[in-house]
Amino acid sequence: MFAFLRFERRRIFGERKNLIFLGFIFLFSAYFIWSGLNEYRQFHAEKKIFLKFEKERIKQIVNYAQYGVFGFRLLYEASPLNLFFVNSSVLQDVESNIDSLEAIKVESSFKGKKLFLTRGYFKDFAGIPFIFGSLFMLYLGHLALVSPAYLRFMTGRMALKKYYALTTAARLFWLNLFFVALGLGLFFLIQLGGVAFSGSEKTIFFLYLLFLVLLLDFFYLLGQLTSVLVRFRKVFFLWFFIVWFFCIFLLPEINRISVFNKARVLESAEKVNLEKFRTLMVLEKKFRDYLKVNPATPLEQIRQMQKKFAVQFINSSYLVNTGLETKYLRDVEKVIAGHERQSVLFPTTFYHFLTGEASGKGYYGYLDFMDYIMKLRNRFMHFYLEKRYEGNESTVESFVKNDENIFRARSRLPKTFWLGLLTTIFYSAAFLAMTYWLLRRQVFLP
Amino acid sequence: MIALKNLTLEKDDFYLSALSLEIAAGEIYFLLNRLDQDNDFLFLILSGFQAAGNGEISYDGNRLLGAKHPETAVFIDRVNDRADFDTEARLGQWFDFLCAQGLGSEDIFKTLLVGNFHERQLKKMVRDLAPETFKLAYLAICLAANSANVVINNFIKGSGKNFELKFNKLLLQQKAAGRAILFLGSDIFYASEIADRVGFLKNGRLMFEAAAADLKEMDIKDLYLKFLN
Chain A
89 MFAFLRFERR RIFGERKNLI FLGFIFLFSA YFIWSGLNEY RQFHAEKKIF
139 LKFEKERIKQ IVNYAQYGVF GFRLLYEASP LNLFFVNSSV LQDVESNIDS
189 LEAIKVESSF KGKKLFLTRG YFKDFAGIPF IFGSLFMLYL GHLALVSPAY
239 LRFMTGRMAL KKYYALTTAA RLFWLNLFFV ALGLGLFFLI QLGGVAFSGS
289 EKTIFFLYLL FLVLLLDFFY LLGQLTSVLV RFRKVFFLWF FIVWFFCIFL
339 LPEINRISVF NKARVLESAE KVNLEKFRTL MVLEKKFRDY LKVNPATPLE
389 QIRQMQKKFA VQFINSSYLV NTGLETKYLR DVEKVIAGHE RQSVLFPTTF
439 YHFLTGEASG KGYYGYLDFM DYIMKLRNRF MHFYLEKRYE GNESTVESFV
489 KNDENIFRAR SRLPKTFWLG LLTTIFYSAA FLAMTYWLLR RQVFLP
Chain B
151 MIALKNLTLE KDDFYLSALS LEIAAGEIYF LLNRLDQDND FLFLILSGFQ
201 AAGNGEISYD GNRLLGAKHP ETAVFIDRVN DRADFDTEAR LGQWFDFLCA
251 QGLGSEDIFK TLLVGNFHER QLKKMVRDLA PETFKLAYLA ICLAANSANV
301 VINNFIKGSG KNFELKFNKL LLQQKAAGRA ILFLGSDIFY ASEIADRVGF
351 LKNGRLMFEA AAADLKEMDI KDLYLKFLN
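These protein sequences, in sequence, are chains A and B.
Our numbering numbers the first residue of the first sequence as 89 and each following residue consecutively.
Our numbering numbers the first residue of the second sequence as 151 and each following residue consecutively.
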């Protein structure tokens, strides 16, 4: 085994073009990590301004009626791990406005600097090994077995099974070592740069790295298989490109289109908003009708009636609207769960799902955000109605305590992580066995 | 000793009918065949990579059952395309790897020295070696196995006279060391020059056999037209 390790180390790292490619992967990964770190720092600088602005804003609000209309903004803060996955996340920089209006708003701003923050397909740490690492592994898988003539020559000296197994193991050892060292090196460098990761974030990153390495092994074994399937002919490069394009671009895109099609069963968000608006307006109409019937009602009595209607609103219409919103959210959750299950079927589609969730800005991050908005909104509504109809109107007290208007999303692993990992291992094992079976038929003619 | 008994196979365009041969220790037997692809196919059968339909191949009385060569024979194939051996490794690294698998580096260098091999070639990538340097390296690895039987497939085809002379020297050394050598080829003049016995294979049948010494007294042109044309 040591002889194989030594030989394969020399084969991989002694070849100039391999070194150039590996150097390229290292440099670009480091560049995008640096770029991710800059975005992370910029976000934190802007977060401070955001908090300051929100504190200033509440001082300018004259009464609770105004506070109810303007509300306050809620900022989505991704976990620090997001700097590895800035382009892999599902959500971009989002925020919400919590007020007394019926619609829940989640929006992204393109104002100022953010206009120039155009994101691309692979422009982050997770994208570089995915695009270029997979290409490289596919190519090295192709080169591993050289040719049937060479294999016959080697088989004269040792069993084909032994040569195949040890060559594959030795090459994967060095290649995996490179990618693990790259990931861990950059991770610790980021820590040295002042970003603190919690214990769970570290675990998530290490498990992500484990999946990345297995995904790259999958490509290496796919390269070997493709090479054997096309019988080591020069036409390999055409197939090589087709296979790579199919796995890296086409399948994830098909998966994305599929989830979009499935999401069409969801009711339009506007329709939900309209229903909520109708429920609200029924109550408003009742209040208006009361005023029409009793136009000479004294102001104090109107105030009492308003309070009564507010209590009625909280106990009926508001609950109905919250129920509508919760139901809608659970429907979205079902689509997400279906998408997750579908992603597990192939390693590259699962990689996309995994990086989205690990970034803290994935689908489940969105659900958490929505749940948080609804809880906060519920509390805000009670606070607002209480203060408006019962409290002292002279000074407006801020609803937001501490950093409540910052939603800290956590990085997470998909629930199907281990299943996705096992699926990737299963594919790899199948490729390994299939390649050997085909190889035997090419070396030993029937 | 190499022994073929009633070796028979019919597959695609290849046809072999009850080929029987015995090559004694210290003997070079040259089996002439018109087509290179037939020689390649027969070489695959002799080296155990192609199953024979019927018949038996044995080396020193041990029946060939697979392709575990060093214990049975040394198989030297024609290696015209270095790309088939482009391991992305330097020659020296390739030698180190093979030596770690049990080959003796002294045995490798013994052959290389006969071929005036220069040490600086060890630092070159296999693909960058001159074709004849690569052939010499390949030959050195094959012969380092020190087996009592040698099967060669058209190895010098396309090589210059200089390499041919070096190869002949090595071949005669092997013969002198008591090895049984079966040479598959298509060059009747070379066969008469190097072999002890020559066999003519035509359409899968062994048509004619003669001692090389007798061959020199025959009309080679006539034999060529009769069996190899």
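Just so you know, these hints were derived from the structure itself, not from any lab.
All values derive from a computational prediction rather than experimental measurement.
The reader is advised that the hints may include incorrect statements.
[Unchecked claim] Think about it this way: if two alpha-carbon atoms lie no more than 30 Å apart in a straight line, the pair counts; the simulated BS3-like pairs of lysine-lysine are: (1) K105/A <-> K274/B; (2) K380/A <-> K475/A; (3) K350/A <-> K475/A; (4) K325/B <-> K322/A; (5) K376/B <-> K105/A; (6) K155/B <-> K273/B; (7) K274/B <-> K250/A.
[What the hints assert, rightly or not] Now the stretches of chain A that chain B is said to cover, found in silico as 3 or more residues with beta-carbon under 8 Å: (8) 267 to 275; (9) 325 to 337.
[Unchecked claim] Sample of chain A residues at the chain B side, in silico, Cβ under 7 Å: (10) F95; (11) R98; (12) F101.
Quick reminder that beta carbons are idealized off the backbone N, C-alpha and C, glycines included.
Evaluation of the provided hints:
Restraint check for K105/A and K274/B: the C-alpha separation of about 16 Å stays at or below 30 Å, so the hint holds. Taken as a hint, the K380/A and K475/A pair is honoured in the structure, with Cα atoms around 27 Å apart against an allowance of 30 Å. The suggested pairing of K350/A with K475/A is violated, with an alpha-carbon distance near 44 Å, which exceeds 30 Å. Under the criterion of a C-alpha separation no larger than 30 Å, the hint pairing K325/B with K322/A is inconsistent with the structure, at around 40 Å.
Between K376/B and K105/A the CA atoms are separated by roughly 53 Å; this puts the pair beyond 30 Å, and the hint is violated. For the hint linking K155/B to K273/B, the alpha-carbon distance of about 45 Å lies beyond 30 Å, and the restraint is violated. Restraint check for K274/B and K250/A: satisfied, since their Cα atoms lie roughly 27 Å apart, inside the 30 Å limit. With 0 residues having a Cβ less than 8 Å from any Cβ of chain B, the segment 267 to 275 of chain A misses the three-residue criterion, and the hint is violated.
Beta-carbon proximity to chain B at under 8 Å applies to 0 residues in the segment 325 to 337 of chain A; the threshold of 3 is not reached and the given coverage is violated. Look at F95/A: its Cβ gets to within about 4 Å of chain B, closer than 7 Å, so that hint holds up. With 7 Å as the threshold, the beta carbon of R98/A comes within range of chain B, its nearest partner Cβ sitting at about 5 Å, so the hint holds. Taking 7 Å as the C-beta cut-off, the interface hint given for F101/A is violated, the closest approach to chain B being about 10 Å.
Against the hints set out earlier in the document, violations occur for numbers 3, 4, 5, 6, 8, 9, 12.
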